[in-house]
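Q: Here is what each chain is made of, one letter per residue.
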Amino acid sequence: MTALVRVCEVSFGHAGQIVLDRVSLCVEPGRIVTVVGPNGAGKSTLVRIALGLIHPRSGTVERAAGLVVGYVPQRLDIEPTLPLSVRRFLAMAVPGTALGIMQDALDRVRAGHVLDRQVGALSGGELQRVLLARALLRRPGLLVLDEPVGGVDMAGQAELYDLISAQARQTGCGILMVSHDLHVVMAATDEVVCLNRHVCCAGHPEMVSRHPEYLALFGPRVATSLAVYTHVHDHAHLADGSVGSGGRHGPECRHG
Amino acid sequence: MDEFLLRALAAGLGLAIVAAPFGCFVVWRRMAYFGDTLAHSALLGVVASLLLGILPIIGIIVLSLGLAVALAVGQGSRRLGADSLLGIISHGALAAGLVALSLMETVRVDLMGWLLGDILAVGWADVWLIWGGGAMVLAGLAMVWRPLLAATVNEDLAAIEGHAIGRSRMILMVLVALVVAVAMKVVGVLLVTALLVIPAATARRLAGTPERMAALAGLIGMLAVGAGLAASWRFDTPAGPSVVVVAVLLFLAGQVRR
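Chains as they are written, first to last, in this note's numbering: chain A, 1 to 256; chain B, 1 to 258.
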C-alpha cells in the first residue's frame, strides 16, 4: 500500500541542539501510528515536519498527492480580542458547510452544546473536542493529532480515542498521533514509535494489562480501550537524550 | 458650516471607516507597536521629502512601505524580541527625524502639525486621497481577509488548510503602512495608532463576529471624529487630540457597560 506520509531519515536541530536524529516513520491508509516519548523528545517537531510546517535539516518527507490533512494542534491559543463563534471556527475549515453537518460533527465528539459559544469561552476539554470535530469535518485522508486529549477527563479520553480509531477503521484515513505518556497508548494503535530524539524502538503495542489495580483505577470499560505498550528499553539514555555506552540494542533499534 | 470644517469632517470620517478593519487586525495580531513604529519613522520621511523637494506624503509612503517589508521579512529572525526591535527602530527614527529637522535651516516645518496632525488644514485633495486610496486599501484587505483571519486564529491550521500565510501577512503590513501614512495628516505622528487601536478595542465587547467588530469599530471611529471635531470647534482645542480623547471616553464608557 502506498504511504500517505513517509518521513525518511529526518534530522532537525535548533540552536545547536539536535532535536531529531535520523528519524523515520510512515503512515499508511487505515493505520494508526502513535508517537510516544518524554518531554523534549521532539514529538511535536516530528509532527510539524511530517505536516510540512517546518523543513528538516536533512532527510526527506513525502506526502501523497492531493492529501487532505486534518490537524489537531496541541493547544490553540486564541486571542481574547478576536470574537469567533465555534460555528464560524468550524466553517473556516470547510467553507460552505451546512449547519446540520457542523452540529453532527460536534455531537460525535460530545460537544453538541457549544455550537453558538465563543471559542475563547470554551474549557480546555471542550476546545480539544471542537478541534477534533473541525479536523474530521475536512474528511481528512490523514489525521494528525498532537496530544489530542489534553484537558479532557479520563472517561472522555477513552471515548475520543475510540472515535479516532473508528475513523481509521471506517474511512480508511491514516492517523498520526502524539502522546507524551509512555504508558497510556490507545489499544487500537497499529504501531507505536518510541521517540527520544531518535527512534528508540517501534512496533505493535501489547494489549492492556489486566492488572486489578489498573482496572480499579479506570474501570473495566475504560481500561479496555487504553493499552499499555510494554517498552523494552535495552539501552540507557544520558541526560541529553543521547544513548549511553554499554547499552545493547534490540533488532528493531535504528541507532547505535 | 465653514468649508474647512466640512473638509475636516469628510477626511476624518473617511479615515475612521478605512482604519476600522485594519485596527481590528492590529488588535488581534498585537501589531500596535508596529503601527507606532511606522508612524514615528514617518518624520524621517517628511525630512527626506523636503530635502529631495518632493511631496511629504510620497516620502512617508516610500519609507513606511520599505519598513513594513523589512519588518515582515525580518520577523523570522529571533535574535532580538520583536518589541525591542520595534522600540529601537521607532524611537531611533523619531529622534533622527527631529535631529535632521533641526539641522535644516532653509526650510521651516510645522513640527507640531506633523506630530499632532492638522485635520483642519486638510484640502480637498487630501479628502480625495483618503476616500480614493482608502477604497483601494479596503479592497486589498477584502482580498486577503479569509487567509488573514485564518492565520490570526492559528498559523499552523491556516497553513495546513492551504492559506498563503506569508503572503497575506506581507500584504497586511503594507496596507497598514499605507493607512498609517495617510492617517498621519489627520491625527499626526504621535496619535496615529490611537485611531487604529481604540475604536477596535471599544468594539470588541459589543461584537460577536470579526466582521461585526470591524463594522462597529468604523461606527465608533466616526462618532469619535464627529464629536471630537465638534468639541475642538466649541472649546478651541487641537482637533487630532480631541478626536482621540473622545475615542478614549467611548472606550471607557464601553468598559463600564456590562
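Please keep in mind that the hints were generated in silico from the structure rather than gathered at the bench.
Just so it is clear, CB atoms sit at the ideal spot from N, CA and C, and this is done for glycine as well.
Worth double-checking, as some hints may not be accurate.
Listing some non-contacts, in silico: residues in chain B with all C-beta distances to chain A over 12 Å [claimed, not checked]:
{"hint": "1", "residue": "13"}
{"hint": "2", "residue": "27"}
{"hint": "3", "residue": "95"}
{"hint": "4", "residue": "99"}
{"hint": "5", "residue": "154"}
{"hint": "6", "residue": "162"}
{"hint": "7", "residue": "207"}
{"hint": "8", "residue": "208"}
{"hint": "9", "residue": "236"}
Computed, partial: chain B to chain A, Cβ under 8 Å [unchecked claim]:
{"hint": "10", "residue": "3"}
{"hint": "11", "residue": "161"}
{"hint": "12", "residue": "165"}
Q: Going through the numbered hints above, which ones does this structure break? Give me the numbers in ascending order.
A: 2, 5, 6, 7, 8, 10, 12
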